[in-house]
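*Asks:* Following the hints, position chain B against chain A.
As a plain string of letters, each chain reads:
Protein chains: 2
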Amino acid sequence: MAKLTIVAKTVAKTDSVESVKSEMLKLIAPTREEEGCIEYFLHQDNEDPTILIFYETWENYACFERHMSTQHFKNYVNTVGSMIKEKVVYKMTRVG
Amino acid sequence: MAKLTIVAKTVAKTDSVESVKSEMLKLIAPTREEEGCIEYFLHQDNEDPTILIFYETWENYACFERHMSTQHFKNYVNTVGSMIKEKVVYKMTRVG
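So the sequences go chain by chain: A and B.
The opening residue of the first sequence carries number 1 in the UniProt record's numbering; numbering runs sequentially from there.
The opening residue of the second sequence carries number 1 in the UniProt record's numbering; numbering runs sequentially from there.
This is chain A alone, in the form it adopts within the complex:
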């Protein structure tokens, strides 16, 4: 079965960029420990620092769903909820 690639784009509110970024950074270590987490990288846009993108590779969809039910992910969602202007998550397959 093909692996799952997640491209998750978040636009932080202008006055909350550093807070959102630091909460995202806290997610990295525990997430990389999760079963089925192959890649989990955070990027910040060079021209607009409010734009942050996670690039993730998961063994399969079930692993990604389990990730979203972990305590560290739930803590993250609760903490940054009011600091985010926009969020879009692309669930993708690597085709080349």
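Hints are not guaranteed to be accurate.
No copy is singled out in the list; a pair is fine if it fits within one copy or between any two copies.
[To be verified] In the BS3-like style, the derived pairs of lysine-lysine whose C-alpha atoms are separated by at most 25 Å in a straight line are: (1) LYS85 / LYS3; (2) LYS21 / LYS9; (3) LYS9 / LYS87; (4) LYS9 / LYS85; (5) LYS74 / LYS85; (6) LYS26 / LYS13; (7) LYS91 / LYS13; (8) LYS91 / LYS9.
Derived from the structure by calculation, the hints contain no laboratory data.
*Replies:* This is chain B only, laid out in the frame that chain A set:
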């Protein structure tokens, strides 16, 4: 100096998805041969196949600029120009 990450999102016109995708696939081999090209992966959205995302890692910005002046990239741009509804390119730095 930090490497450059490119997240390039393209939305193909509904009737041109396969054509755009095949032109993108043609780009991969010659691009991976380019100096400073570290990663170059193409992804297609599982829910909306018109959405295609390149995830790229370049040694530096100059290598990426050189990529955009290659014949294979120019051929790609000329070929798919009329088949694309939307395109956005995020120039980013990996922060975690």
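*Asks:* Going through the earlier hints one by one, which of them does the structure break, listed in rising order?
*Replies:* 1
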